[in-house]
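Peer 1: Protein chains in written order, with the numbering used here: chain G, 1 to 237; chain D, 1001 to 1220.
What the hints contain is simulated information worked out from the structure, not anything from laboratory work. Be aware that a few hints might be false.
[Stated by the list, open to error] In silico SDA-like pairs for lysine to any residue, Cα to Cα no more than 20 Å straight-line:
#1 D:Lys-1210 <-> G:Glu-105
#2 D:Lys-1210 <-> G:Lys-209
#3 G:Lys-209 <-> G:Leu-199
#4 D:Lys-1210 <-> G:Val-56
#5 G:Lys-131 <-> G:Leu-142
[Claimed, not checked] Cβ pair distances, simulated, as ranges:
#6 G:Gly-198 <-> D:Phe-1143: 31 to 39 Å
#7 G:Val-52 <-> D:Ile-1195: 49 to 57 Å
#8 G:Met-85 <-> D:Thr-1009: 51 to 59 Å
#9 D:Ser-1056 <-> G:Tyr-212: 56 to 64 Å
Since the model is a prediction, treat every value here as computed from it, not as a measurement. We put the CB at the ideal spot given by N, CA and C, even for glycine.
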Amino acid sequence: MSFDFQLIYESWPLFVKGIAVTIFISLISISVSFFIGVAVALMRLTEKRIPVLIAVSYIELIRNTPFLIQVYIAFFVLPAVGIRMEAMTAGIVCLAVYGGAYFAENIRGAILAIPRGQEEAAKALGLSYWKIQRKVIFPQMLGYLIPTTTNLTLSLIKDTAILSVITVPELTYMAQVMIGEAFAPVEGFTVIALMYWGLNSIVAAAARKWEYHSCRHLRVNADSSEKVVVAVLPETR
Amino acid sequence: MDFDFAGITPHLPAFVQGAFVTLGVSIPGALLGIVVGLVLVAGQRAPIAPVRWASSTYVSFIRGTPLLVQIFFVYYALPGLFGFNIPAYFAGVLALCLNSGAFVTEILRAGLSSLPLGQWDAAKSVGLSRYKTWRFVILPQLFYRILPPLTNEFTMVVKATPLLSVITVVEITRTAQHVMNETFRPVEAFVVAAIFYFVMLFSLSRATRKLETWAEAYRA
């Protein structure tokens, strides 16, 4: 067993390019999927039959089929109906649509978690609609929203690796290129695993900081990090 | 665009066989995952600090890297490290259980910490032995708490199996690829695969919800 550091040093540009593409894809598709999530969550909460039906079937279809299958279907179906996309665009679209379904459920959960009495009490105090949303509802939602959003973001960053099967030049694809050239699977996969781990750790640490600062009002007392609102974290890969 | 599922029907038995392979990797993968999870939970509570660090690092590493990379690592890199080849099927089960274990650890940890400490004290005060405490007090309560999340974890494992198609495990997704190569009908092949997955995953997630209400009722 030997670990060839020289090889890793030589293929460094490949890895840097790969992680740049991974970060780029994650940034765009996660932001888009958050907005899809908000829209679908609101649709599902309308209590009108057609929007609810559309929202529920979107959520259930996406959440109950594997991401890889969705990627393949998009990759083969879209050209068949005349939509030609580059692999990268197709990948971003897939990830955004996939993430949207999960965000929709998380956001709906956060909205439903706020007791109706909060809104009624605020109304009774004479606050306007927007003041109620901004000062009463939204700050309390954050306690639910930040942990679930963080979890989902981390798992979507990991899911970008799956886009390598449709030749999106992200980190996993770059590792396969490097391994194909040099036949060094141990080195290649170790390096990218560490890079993904690092990226996810940085995102997780940043999110924890953000949560600490923006959920100050939800803490039991000023010094503790224990929150009054305890969100249930979904276990996603 | 026209759909033609007639060309796919002769291949339906192959899909059914693929579905059995999917279950054939996910069931042992998930069960061994529970074993890995138990070991890791014990490791995180071990009296020796390096053991605690090792198991926490393992959990963080598995949760911080894509499953696809872990599968590649097990299938392509482990043989290089240890000098023997692993058949695709066993590499798949190994990757799944190593991955699932890290998630099961969290489930077990959450389950254990949700039990009030008074349960241990009460068991001790009525004179139960360590074994009897676990057997009659802790485990029965733990079981109802972790069964719903464990079913959910199994759903997640099934949902992760398509990734094994990249290392040539002939489960549903790989079958769809074979059918696509034979019939030149990619859309129909993958739609059939999607239907197979949807039926499996939807019924599993419904079962999880049923179990949740059932466990809730037991606790109340």
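Peer 1: Does each hint fit the structure? Answer for all of them.
Peer 2: These are the hints, each one checked on the structure:
Between D:Lys-1210 and G:Glu-105 the alpha-carbon distance is near 19 Å, which keeps this suggested pair within the 20 Å criterion. Straight-line distance between C-alpha atoms of D:Lys-1210 and G:Lys-209 comes to about 37 Å, which puts the hinted pair past the 20 Å bound. Restraint check for G:Lys-209 and G:Leu-199: satisfied, since their Cα atoms lie roughly 16 Å apart, inside the 20 Å limit. A threshold of 20 Å between alpha carbons decides the hint, and for D:Lys-1210 with G:Val-56 the separation of about 19 Å falls inside it, so the pair holds.
Under the criterion of a C-alpha separation no larger than 20 Å, the hint pairing G:Lys-131 with G:Leu-142 is consistent with the structure, at around 16 Å. With their beta carbons about 38 Å apart, G:Gly-198 and D:Phe-1143 fall inside the hinted range of 31 to 39 Å. Between G:Val-52 and D:Ile-1195, the C-beta spacing of about 23 Å breaks the proposed range 49 to 57 Å. At roughly 31 Å, the beta-carbon separation of G:Met-85 and D:Thr-1009 lies outside the given 51 to 59 Å, and the hint is violated.
The hinted window of 56 to 64 Å between D:Ser-1056 and G:Tyr-212 is violated, with their beta carbons roughly 21 Å apart.
Checked against the numbered hints above, the structure breaks hints 2, 7, 8 and 9 and satisfies the rest.
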